[in-house]
Amino acid sequence: MLYKRYIPVVSLIGKEGEITPLFIIWADERGTRKYKVDRILHVRQASSQVGGCGTLYECMITGKVRKLFYERNRWFIESTKPY
Amino acid sequence: MKRTIVHADLNHCYAQIEEMKFPALRDVPMAVGGHEESRHGIILAKNDKAKAYGIKTAETLRDAYKKCPELLIIHPNYGDYMYYTEKVKDIYREYSDRVESFGLDEAWIDLTHTVSLFGDPIKTAKTMQERVCSELGLSVSMGISFNKVFAKLGSDLDKRKGFTVISEDNYLEMTEDLSVDSLIFIGGATTKKLAELGITTIGELRRADPVILQRRFGKNGPLIWHYACGHENSPVKRSGETRERKSISHGITAVRDLQNAEDLHMILIVLCEAIAAKLRQEKLEGQVVSLFLRDNELYACSVQKKMSHPTDLAEEIVKNCELLMKQKYPERRFPEKPLRTVSVAVSNLRSKNELFLCDLLGVEKERKREETLESTMEAIRDHYGPEKVCRLAILMDRKLTDFHPKEEHLIHPESWM
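Sequence order for the protein chains is Y and W. Under my numbering, read the first sequence as residues 1 to 83, first letter to last. Under my numbering, read the second sequence as residues 1 to 417, first letter to last.
These aren't lab readings, by the way, just hints derived from the structure by calculation. Since we're looking at a predicted model, the values are computed, not measured. Ideal Cβ positions, reconstructed from N, Cα and C, are used throughout, including at glycine. Mixed in with the good hints there might be a few duds.
[Unchecked claim] Selected chain W positions facing chain Y (Cβ under 10 Å, derived; list incomplete):
hint: 1; residue: 19
hint: 2; residue: 20
hint: 3; residue: 21
hint: 4; residue: 23
hint: 5; residue: 25
hint: 6; residue: 80
hint: 7; residue: 83
hint: 8; residue: 84
hint: 9; residue: 87
hint: 10; residue: 131
hint: 11; residue: 134
hint: 12; residue: 137
hint: 13; residue: 138
Given the sequences, and given the hints that come with them, work out the whole structure.
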């Protein structure tokens with residue numbers, strides 16, 4: 001089961017307005033940590049199976065493929081943890 | 001040249017967008033509806049599960065709950081609906097410069113001239129439909145034909161991401177047995193009248209005598225006959241081309257029932273000031289004023305009159321509305337039952353005539369003064385907020401008059417003609 005989790009993301013807005021996520025900020029019972037977005041595999045418009053749609057960044061984060069969405073004006077990630 | 005026109009319809013739009021945002025809503029009977037507390041309690045759209053309970057668009061929440069007590073009501077998020085429907089149209093606009101909106105959820109797309117860019121228009125339409133689904137998670141049903149009327153008819157035939165092609169080769173058999181009301185512009189009243197002439201299907205309408213139709217329906221008779229025969233050939237408007245305004249209207253279901261002419265007067269001032277401001281903003285004036293009333297038993301009536309001259313002044317619109325009330329209800333200037341909903345429309349619009357008319361009675365001078373007053377008040381409101389200046393009359397009951405028609409998100413249904 002996947003969940004929709006809105007998260008803070010440190011991102012770079014380029015000269016042409018293109019947005020690149022650099023770090024995601026993850027908070028859980030063990031505290032708040034930031035994880036580097038190691039590589040962006042794909043960028044495309046897509047809808048998410050957890051609801052919502054926007055620009056999908058398929059990224060490598062700590063060795064795993066993650067689906068990070070930029071929805072209108074905020075970020076969410078398809079997460080295995082509800083909160 | 002043979003045209004290829006697509007009509008794309010975002011099925012039960014509001015409900016579908018809510019489901020896209022929260023997929024769990026697909027598993028329960030759900031409808032988008034207004035606020036019962038503020039008395040805007042009607043169903044605006046419903047999902048398939050709610051439809052299975054027989055819930056209909058435009059029925060009251062109370063009736064809907066009777067059919068399905070566990071029905072989940074979501075309050076409308078108009079900002080989202082406007083955003084996502086615009087995103088859908090952005091996809092269409094990548095393929096053609098002729099994308100004509102018909103309300104939020106529908107659009108015609110002319111693909112006639114896209115062949116050299118994208119190849120077979122039918123394949124292009126299919127691509128657009130797939131892209132809307134994969135990129136936005138929304139399903140549109142499409143009808144493809146050689147004119148707008150049959151394209152719209154096609155998209156209505158299969159509401160679940162349908163894809164219907166009505167070509168010049170198959171339109172006769174495809175439309176033969178369809179009910180006449182599946183044609184755009186033919187509503188309940190016309191269907192009934194056509195049935196009296198023994199016409200219930202599009203095939204029968206095609207074989208009817210246009211002369212008899214003209215006698216029965218006036219100029220609309222031959223028009224619907226042409227539609228049935230597939231002669232309709234109006235162009236799909238270019239993106240950005242707007243329909244010419246036919247009227248400006250505002251209405252409200254008040255927070256409490258209106259009891260007398262004084263209550264109505266207050267509501268009329270707020271509505272007419274908003275209309276007048278809109279008229280002045282678009283440099284228009286209108287000569288026909290219509291008043292729509294609905295009482296607390298939902299009985300509705302409307303009255304209209306032509307004014308002596310076109311106007312863009314709230315003062316004059318209010319006066320004429322009250323004259324209408326006086327004519328309809330000479331005794332109390334108010335109906336017997338309390339009123340629930342009031343709306344005012346000004347139509348017969350034309351560009352504002354800046355010429356100063358020959359002013360024998362000094363009326364024009366007085367109007368000019370009123371105009372300065374109203375536009376100054378409007379400027380103050382725009383700048384400092386709507387509550388900064390108002391007519392004293394509306395302070396009699398601030399709760400009743402505390403609404404701002406101008407600022408509300410209003411999505412008007414569009415008419416075909």
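(message) Which constraints among the numbered hints does this structure fail? Numbers only, ascending.
(response) none
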